[in-house]
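Following the hints, put chain B in place on chain A, whose structure we already have.
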Amino acid sequence: MIDDLAIGITHLLLVIAIIRLLARTDLDREPQRKAEAESPSSPPPPGAPPQADAGRNRVGVMRLPGLGRGNRRV
Amino acid sequence: MFNLLLALFALYLIAMGLRRPFIWVLFYLWVDILAPQKMPFAQLAAIPISLVAFVLAVVGWAMFDDKQNVRFSFRQVLILMLLIYCGISTQTADFPEAAAGKWDWVWKALVFAIFLPLTLTTRLRLEAAALVMVLSAGAIIIDGGLKTLGGGGGYGELKLFINDNTGLYEGSILSCVAVSLIPLALWLAREGTIFPSDKRTHLFALGIAFAALLIPVGTEARTGLMCAGLLAILMLRSAKNRMLYIGLMAVAAVIAIPFLPHSFTARMNTIENNKADESAATRLAVWAWTQGYAADHPFGGGFEVYRANKLVINTQDTSAGGGGVTTVQSTQTKDQGRAFHSSYFEMLGEQGWPGLILWLTLQISGILQLEGVQRRLKKSTDPADRKDYGMAVALQQGHITYLLGAAFVGIAFQPFVYMLIGLQIALVRQVNDRRHPAQTGTPGVRMQAASLRAG
Numbered sequence: 001m002i003d004d005l006a007i008g009i010t011h012l013l014l015v016i017a018i019i020r021l022l023a024r025t026d027l028d029r030e031p032q033r034k035a036e037a038e039s040p041s042s043p044p045p046p047g048a049p050p051q052a053d054a055g056r057n058r059v060g061v062m063r064l065p066g067l068g069r070g071n072r073r074v
Numbered sequence: 001m002f003n004l005l006l007a008l009f010a011l012y013l014i015a016m017g018l019r020r021p022f023i024w025v026l027f028y029l030w031v032d033i034l035a036p037q038k039m040p041f042a043q044l045a046a047i048p049i050s051l052v053a054f055v056l057a058v059v060g061w062a063m064f065d066d067k068q069n070v071r072f073s074f075r076q077v078l079i080l081m082l083l084i085y086c087g088i089s090t091q092t093a094d095f096p097e098a099a100a101g102k103w104d105w106v107w108k109a110l111v112f113a114i115f116l117p118l119t120l121t122t123r124l125r126l127e128a129a130a131l132v133m134v135l136s137a138g139a140i141i142i143d144g145g146l147k148t149l150g151g152g153g154g155y156g157e158l159k160l161f162i163n164d165n166t167g168l169y170e171g172s173i174l175s176c177v178a179v180s181l182i183p184l185a186l187w188l189a190r191e192g193t194i195f196p197s198d199k200r201t202h203l204f205a206l207g208i209a210f211a212a213l214l215i216p217v218g219t220e221a222r223t224g225l226m227c228a229g230l231l232a233i234l235m236l237r238s239a240k241n242r243m244l245y246i247g248l249m250a251v252a253a254v255i256a257i258p259f260l261p262h263s264f265t266a267r268m269n270t271i272e273n274n275k276a277d278e279s280a281a282t283r284l285a286v287w288a289w290t291q292g293y294a295a296d297h298p299f300g301g302g303f304e305v306y307r308a309n310k311l312v313i314n315t316q317d318t319s320a321g322g323g324g325v326t327t328v329q330s331t332q333t334k335d336q337g338r339a340f341h342s343s344y345f346e347m348l349g350e351q352g353w354p355g356l357i358l359w360l361t362l363q364i365s366g367i368l369q370l371e372g373v374q375r376r377l378k379k380s381t382d383p384a385d386r387k388d389y390g391m392a393v394a395l396q397q398g399h400i401t402y403l404l405g406a407a408f409v410g411i412a413f414q415p416f417v418y419m420l421i422g423l424q425i426a427l428v429r430q431v432n433d434r435r436h437p438a439q440t441g442t443p444g445v446r447m448q449a450a451s452l453r454a455g
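Chains A and B supply the protein sequences, listed in that same order.
Just so we're aligned, residue 1 is where the first sequence starts under the working numbering, counting upward by one.
Just so we're aligned, residue 1 is where the second sequence starts under the working numbering, counting upward by one.
Isolated chain A, as found in the complex:
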């Protein structure tokens, strides 16, 4: 009786654990962190379309010292 209980509890948990593992995408490959995934310096994945306007986008995030300071509320 106690044997059945001990095996039953632990193996029920093991079955649930395996079901959950099978549903996870990070079992075989570590998920990329958001910061790394969105980093502009990271190379594009193989087969990704070329970024024709990458240069223009980069200009968009540049800031000059003091730019926009006048709009800030004090």
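You may find that some hints are simply not true.
Result set (SDA-like, lysine to any residue): computed pairs, CA atoms no more than 20 Å apart in a straight line [unchecked claim]:
(1) Lys-387(B) - Leu-27(A)
(2) Lys-240(B) - Arg-376(B)
(3) Lys-240(B) - Phe-195(B)
(4) Lys-199(B) - Ala-17(A)
(5) Lys-159(B) - Ala-17(A)
So, partial list: chain B residues that the calculated Cβ filter (under 10 Å) puts toward chain A [stated by the list, open to error]:
(6) Met-16
(7) Leu-124
(8) Gly-138
(9) Ile-142
(10) Leu-368
No lab work stands behind these hints, which were simulated from the structure alone.
Ideal Cβ placement from N, Cα and C applies to all residues, glycine included.
Positioned in the frame of chain A, the structure of chain B alone reads:
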């Protein structure tokens, strides 16, 4: 009934491995810890299930797993050297047949210890392996704990799934392993993602920890009590509120002592009065014999060489009589072929000084590497780093506890500790890879210099 459940569970794991071959690695861990094929009336007894699991795990990894970052660490090389050394010493063993019998399972434990870290390439895999280890051993621990609560314990009396002294089913070995697993079980409850941290996981982990602490009571193994004492001290180091921790431990001890069976307290008292205890005196005699043997045979005598020992055991029983008179009764008995009762002397006698040095280097380097990981991640606030830090603490506490138990039980080649080592190697490698991403992504097999740095 439970044998049928185990057979169905084995088939389930084999089938699920077809979807994700890593499940076969977990299958091997489960088989090696629980030994379902050895249980009475086991449906699995007719199948070499351990071999099947081993082959599936290796083939699954070799054929389907991503091997882009496969590297051998310094400690895997140490295990390989130990494997080769033990293979050679088996060929020249003093007791060739007995040595071959032990070699049959030792080589598998060592090869799997080299192999396991190669498969644990993600955090989730590491957690899954730890969870399967805890739950598989947990089945035996819960069984023993409940039977102890029901009064079924006693020295050599606790009946578990398998009534023989093999693997984890030997009282002292189970006590040591059960206590060593407590930090890992608590870590899984705190940081687990397969069973995310909540009240239920904490309650279950505390239940396993309580059952694990009952195992030394149920088996009346003195080793287990010492392991529990050491673990309490080690956990003090990582406790957030140390004064509260000390207070709770003291209260728990005060409450627990009156409920302990008399036979348990009587046996634990022999730790202090070991001169009167024949078991302790036999150990001392075997250890003295081993030192002498190693002086004559510095390269060891191969597995099971303890069979050569012939011992004279002296015990001294001191009792206080009336009128301040103390009576000392000395007894001398002769014995032979007594086991080492210590992993350190087991290594010294069987594998000589080179084997002992290799084994000690393997153990101590792991503790140092985990210390290195803790120091590097201690101040990090990244949740992933905190998780790695917690696992490093848990594995280190478990390993140190195991090494204390190993001083009194011959468990130098117990597969469980090599699984712990496998987890350690994988954790150190993963932490290094995350800290030095430039070193990852190199194809092929190369030495993991980064793991040396962590030490």
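Hints versus structure:
Simply put, Lys-387(B) and Leu-27(A) have alpha-carbon atoms about 17 Å apart, close enough for the 20 Å limit, and the pair holds. Between Lys-240(B) and Arg-376(B) the alpha-carbon distance is near 19 Å, which keeps this suggested pair within the 20 Å criterion. Distance restraint check for Lys-240(B) and Phe-195(B): the Cα-Cα separation of roughly 24 Å exceeds the 20 Å cut-off, and the hinted pair is therefore not satisfied. Of the pairs offered as hints, the one joining Lys-199(B) and Ala-17(A) holds, with about 17 Å between alpha carbons and a cut-off of 20 Å not exceeded.
For a cut-off of 20 Å, the pair hint linking Lys-159(B) to Ala-17(A) is broken: about 28 Å separates their Cα positions. The interface hint given for Met-16(B) is met, as the beta carbon of that residue sits about 6 Å from the closest beta carbon of chain A, less than 10 Å. Taken as an interface hint, Leu-124(B) checks out: its beta carbon lies about 5 Å from the nearest beta carbon of chain A, inside 10 Å. At about 5 Å, the closest approach between the beta carbon of Gly-138(B) and any beta carbon in chain A falls short of 10 Å, and the interface hint on this residue holds.
Annotation: Ile-142(B) was flagged as interfacial toward chain A, and the flag holds, the nearest CB pair being 4 Å apart, inside 10 Å. Violation of the interface hint for Leu-368(B) is found here, the shortest Cβ-Cβ separation to chain A being roughly 26 Å, above the 10 Å cut-off.
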